Amino acid sequence: MTAYLTVIIVLLLLTLLCGLWPIVRGPTAADRMLAAQLFGTLGVAILMLLATLKQQAAVYNAALVLALLAPLVLIAFVKLAEREK
Amino acid sequence: MNIIDLFSMTMIAAGVFFFFTGTLGMVRFPDIFSRLHALTKADNLGLGLIAIGLLPQMESWVGAAQLLLIWVIAIKAGAVSSYLIANYALTTASEPDHNAPDHSAPNHKERTAAERLNHGP
Chain D
1 MTAYLTVIIV LLLLTLLCGL WPIVRGPTAA DRMLAAQLFG TLGVAILMLL ATLKQQAAVY
61 NAALVLALLA PLVLIAFVKL AEREK
Chain C
1 MNIIDLFSMT MIAAGVFFFF TGTLGMVRFP DIFSRLHALT KADNLGLGLI AIGLLPQMES
61 WVGAAQLLLI WVIAIKAGAV SSYLIANYAL TTASEPDHNA PDHSAPNHKE RTAAERLNHG
121 P
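So the sequences go chain by chain: D and C. The numbering used here applies: residue 1 is where the first sequence begins, and numbers increase by one. The numbering used here applies: residue 1 is where the second sequence begins, and numbers increase by one.
Treat the hints as calculated values from the structure; they're not laboratory data. None of the values given here were measured: they were computed from a predicted structure. For glycine and all other residues, C-beta sits at the position ideal for the given N, C-alpha and C. Treat each hint with caution, since some may be false.
Partial pick of chain C residues on the chain D-facing surface, computed with a CB cut under 7 Å [said to hold, decoys possible]:
1) Asp5
2) Val16
3) Phe20
4) Thr40
5) Asp43
6) Leu45
7) Leu54
8) Val72
9) Ile73
10) Ser81
Let the sequences and hints guide you as you build the complete structure.
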């Protein structure tokens, strides 16, 4: 189970690396913010897997905080774009 | 390896599959609305399947409840931010370019015609 979880975490990190490409290319700013949302969710998944792998219960709290803070970035982006309009 | 570990491994593998296809859709799809469609699959199903797969590995009920709480928060956050992004793209950005290849095709033809005129006999 330990080796399996390690492989899964590496696969998710490679997926995160592929998710960098829309940030480079993305025609509009909204596309780049979509990549930011994907990073939040993938980060939560990686943190949950790491907490189970290392048996560290505190990392679950870090995943919870990341899941709470990730939408604030998008809300701030949309509010800022509405103010500039 | 007992049956509980097998269940966890299957669920986590399915979650990774959904994450991968969501990222692939976000890279490959043409406009922002279809990208949003691909991303919500990764958000809800991928994270949910990984959380379900990790549930039997938890040692306490508090930890299991915390995992489910993380999943519920991620679902709510995904719904809110997807609505905000779609509304932003609908109101401020331009039209979704359904016919982007149609724009490039006549230009390409015109350019080749001009080149043929310039470099003709």
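Could you tell me which of the numbered hints above are not met by this structure, giving the numbers in increasing order?
4, 6 and 8
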